[in-house]
Amino acid sequence: MSETRSKARHRRRKTALAVGLPLALSAAGVIGYGALPGAQTRASAATTAAPVWATATADGFASVNALGQNGTYGGRDGQIVTVKTLADLEKYATASEPYVIVVAATITMDPVGKEIKVQSNKTIVGSGTSGQIVGGGFFLGSGVHNVIIRNLTIRDAYQGVWNDKEHDFDAIQMDGAHHVWIDHNDLRHMADGLIDVRKDSTYVTVSWNKLSQDNKAFGIGWTENVVTDITIHHNWIRETEQRNPSTDNAAHAHLYNNFLEDVAGTDISSSYGNYSRGATRMVLENSYFQGFKNPVIKDSTASIVQKGNTFVGTSGRNESGGTAFDPKTYYAYTLDKTADVPALLKSGVGPRSSIGTTATASTKAAAATTLTVAKDGSGQYSTVQAAVNAVPANNPSRVVISVKPGTYRELVKVPSNKPHVTIQGSGGSRNDTVIVYNNASGTPKPDGSGTYGTGGSATVAVEADDFQARNLTISNDFDEASHQDIANQAVALRTAADKVFLDGVIVSGDQDTLLVDTAAKEKLGRVYMTNSYVIGNVDFIFGRATAVIDKSVITLKKRWNGTSAGYVTAPSTAAGRKGILIANSTVNGDVSSASFYLGRPWHAGGDASLDPQTTVRNTSLSAAIKSTPWTDMSGFSWKDDRFAEYKNTGAGSGAASSDRPQLTDAQAAGQEVADWLGDWTPSSS
276 MSETRSKARH
286 RRRKTALAVG
296 LPLALSAAGV
306 IGYGALPGAQ
316 TRASAATTAA
326 PVWATATADG
336 FASVNALGQN
346 GTYGGRDGQI
356 VTVKTLADLE
366 KYATASEPYV
376 IVVAATITMD
386 PVGKEIKVQS
396 NKTIVGSGTS
406 GQIVGGGFFL
416 GSGVHNVIIR
426 NLTIRDAYQG
436 VWNDKEHDFD
446 AIQMDGAHHV
456 WIDHNDLRHM
466 ADGLIDVRKD
476 STYVTVSWNK
486 LSQDNKAFGI
496 GWTENVVTDI
506 TIHHNWIRET
516 EQRNPSTDNA
526 AHAHLYNNFL
536 EDVAGTDISS
546 SYGNYSRGAT
556 RMVLENSYFQ
566 GFKNPVIKDS
576 TASIVQKGNT
586 FVGTSGRNES
596 GGTAFDPKTY
606 YAYTLDKTAD
616 VPALLKSGVG
626 PRSSIGTTAT
636 ASTKAAAATT
646 LTVAKDGSGQ
656 YSTVQAAVNA
666 VPANNPSRVV
676 ISVKPGTYRE
686 LVKVPSNKPH
696 VTIQGSGGSR
706 NDTVIVYNNA
716 SGTPKPDGSG
726 TYGTGGSATV
736 AVEADDFQAR
746 NLTISNDFDE
756 ASHQDIANQA
766 VALRTAADKV
776 FLDGVIVSGD
786 QDTLLVDTAA
796 KEKLGRVYMT
806 NSYVIGNVDF
816 IFGRATAVID
826 KSVITLKKRW
836 NGTSAGYVTA
846 PSTAAGRKGI
856 LIANSTVNGD
866 VSSASFYLGR
876 PWHAGGDASL
886 DPQTTVRNTS
896 LSAAIKSTPW
906 TDMSGFSWKD
916 DRFAEYKNTG
926 AGSGAASSDR
936 PQLTDAQAAG
946 QEVADWLGDW
956 TPSSS
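In our numbering, the protein residues as written are 276 to 960.
Source of the hints: derived by calculation from the structure; they are not laboratory data.
Hints may contain errors.
[To be verified] Distance ranges between label pairs, derived from CB positions:
#	residue 1	residue 2	range
1	Ser724	Pro671	32 to 40 Å
2	Ser575	Gly925	51 to 59 Å
3	Gly583	Val387	25 to 33 Å
[Unchecked claim] Quick list of in silico lysine-lysine cross-link-like pairs, PhoX-like style, CA-CA up to 25 Å:
#	residue 1	residue 2
4	Lys582	Lys603
5	Lys688	Lys650
6	Lys474	Lys392
For every residue, glycine included, the Cβ atom is placed at its ideal position computed from N, Cα and C.
From just these sequences and the hints, can you work out the full model?
Listed below in structure tokens is the structure:
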């Protein structure tokens with residue numbers, strides 16, 4: 276876009292692995308496990324072409340690098356084998372080599388209560404909903420590590436009564452293991468407990484499981500040592516009497532978004548819910564308790580910090596106290612709203628069905644899963660675009676692309692048939708993960724078919740609805756000084772979609788940094804940016820979308836030759852639509868006083884039917900803003916369009932005048948953030 280506008284604790288190394296909602300986020304979510312053909316017994320080593328469940332990595336404490344293990348990825352580096360018999364399951368699970376073991380049948384343990392002694396570096400995953408273990412389970416002994424147990428039903432080891440106390444037949448038991456991920460399983464009707472995390476087992480994550488119909492759901496501890504670190508999230512614990520869970524002497528226990536349900540009038544009645552014992556430090560967040568007796572209890576020596584929990588029909592003890600810890604010191608995660616938890620878990624926990632018969636990641640990437648990107652090869656993909664390519668067309672629910680720290684010099688496009696994608700940096704800062712390229716409007720295309728044009732110059736282009744970006748930087752570092760011979764509009768981020776949520780990002784460039792567009796003139800495109808930075812100089816927030824910049828910093832930048840002059844916004848809003856709203860933000864930068872306009876009207880292509888709009892309200896304006904903050908453009912007067920301020924502050928603010936329109940209180944009441952977003956309430960997912 277030219278200025279004349281002629282165009283169209285202690286021992287662990289901290290990490291922050293992005294946490295999405297593995298495998299399920301909504302009732303519509305289906306899983307791309309890609310059930311292997313029944314005749315297949317072996318496949319090639321797991322690579323980027325392997326099914327997503329073969330390359331998936333854990334979240335929570337299981338993702339933390341410690342004890343010589345870099346996160347939890349199971350048998351990713353080994354062969355994929357499909358098993359249908361007890362003999363084959365035991366053969367591969369107890370092998371010394373890494374394996375991804377796909378359970379494609381109901382396997383009955385013999386004798387009843389048998390627990391297969393799983394060795395390190397294994398993924399044991401059910402094929403669709405057909406993988407079932409009956410009458411026994413798995414045991415992970417001292418030193419066993421890097422194990423994933425996923426998408427299985429493990430059931431029915433009980434001996435005649437639901438609260439069998441005579442037998443110790445657990446679904447999953449670990450004694451001294453570390454880096455274990457238990458995810459999306461249905462565990463029920465065992466003879467003692469469903470999950471036991473014992474004897475200094477640590478770096479464990481338990482997520483998206485249904486635990487039900489048992490005496491003891493989940494025990495943690497059995498040691499005097501305070502070393503266990505465990506994350507327990509998005510589990511539905513239903514009709515279990517005790518240990519829901521019981522957590523004894525855990526160094527760090529992070530429980531969030533779990534649903535504990537005791538149904539009235541049944542044979543099983545809860546005695547207590549979450550129990551913090553011994554020296555445990557527990558953080559309990561956004562969990563939902565329904566009908567439970569003594570829903571949250573603690574020993575006098577233990578700690579529980581509660582945040583955002585809901586209690587319906589509960590009775591007895593509900594306790595908190597002491598100090599705990601900040602889980603985000605160890606890993607990143609996103610909380611679901613507590614009110615949504617029952618419905619979310621009822622539809623999302625347990626084994627998921629497959630969406631095909633082959634095992635190709637390019638077509639079978641799991642809906643609402645997490646794909647990892649790392650330049651050093653430690654992720655599933657080495658480029659962001661490769662991860663986007665792995666998202667299935669028309670995916671029904673969220674896919675989180677977690678990008679490890681580094682500079683990714685590449686072009687990224689999220690096409691319109693790949694909605695619900697999140698690109699998220701996994702570093703401790705938005706500066707740690709950078710996606711950057713240097714195309715400009717006048718840059719020749721490699722195929723000789725002309726130049727990119729303004730929209731085509733974008734480093735990241737988003738054409739899919741319900742897109743989210745967070746905790747990263749998107750930049751265009753085109754060198755204007757060296758290329759004054761070509762058109763130098765250079766877009767960092769272009770959005771042409773609805774419901775785009777930008778949270779905690781930096782969007783950086785010079786001219787035309789952030790293009791907020793729509794898929795077509797007649798289509799709605801809403802963008803909400805918060806807790807972010809936009810950096811540029813000429814028309815660097817522009818386009819026809821309905822866009823909100825909220826609680827953010829707009830940084831004014833000198834031009835390539837060191838001069839100070841520019842325009843913050845250039846809206847090209849369609850008539851009857853809302854344009855650009857800057858609210859509750861700060862506009863500043865290392866530029867000269869009175870050198871920048873807040874905006875000017877862009878009638879793209881000379882379209883007189885457009886009605887550009889920018890409102891700047893409740894925002895701090897530095898002295899860089901001109902006392903007459905709006906100006907004309909390409910023969911169109913700003914006074915014929917919609918430009919206004921309301922209750923701005925700072926040296927660059929000013930009183931109402933014919934050159935500086937101010938909204939009345941009544942007008943401002945209709946130009947709030949919610950008015951821009953309509954029926955859409957942005958939320959992290």
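Cross-check of the supplied hints:
1. Between Ser724 and Pro671 the C-beta distance comes to about 36 Å, which sits within the given range of 32 to 40 Å.
2. Distance hint check for Ser575 and Gly925: the Cβ-Cβ separation is about 53 Å, which falls inside the suggested range of 51 to 59 Å.
3. For the pair Gly583 and Val387, the supplied restraint of 25 to 33 Å is violated, since their beta-carbon distance comes to about 42 Å.
4. Taking the CA atoms of Lys582 and Lys603, the gap is near 14 Å; set against the 25 Å cutoff, the hint holds.
5. With a C-alpha separation of about 18 Å, the suggested pairing of Lys688 with Lys650 holds against the 25 Å cut-off.
6. Between Lys474 and Lys392, the direct Cα distance comes to roughly 16 Å. Compliance with the 25 Å bound is thereby established for this hinted pair.
Hint 3 from the earlier list is the only one contradicted by this structure; the remaining hints agree with it.
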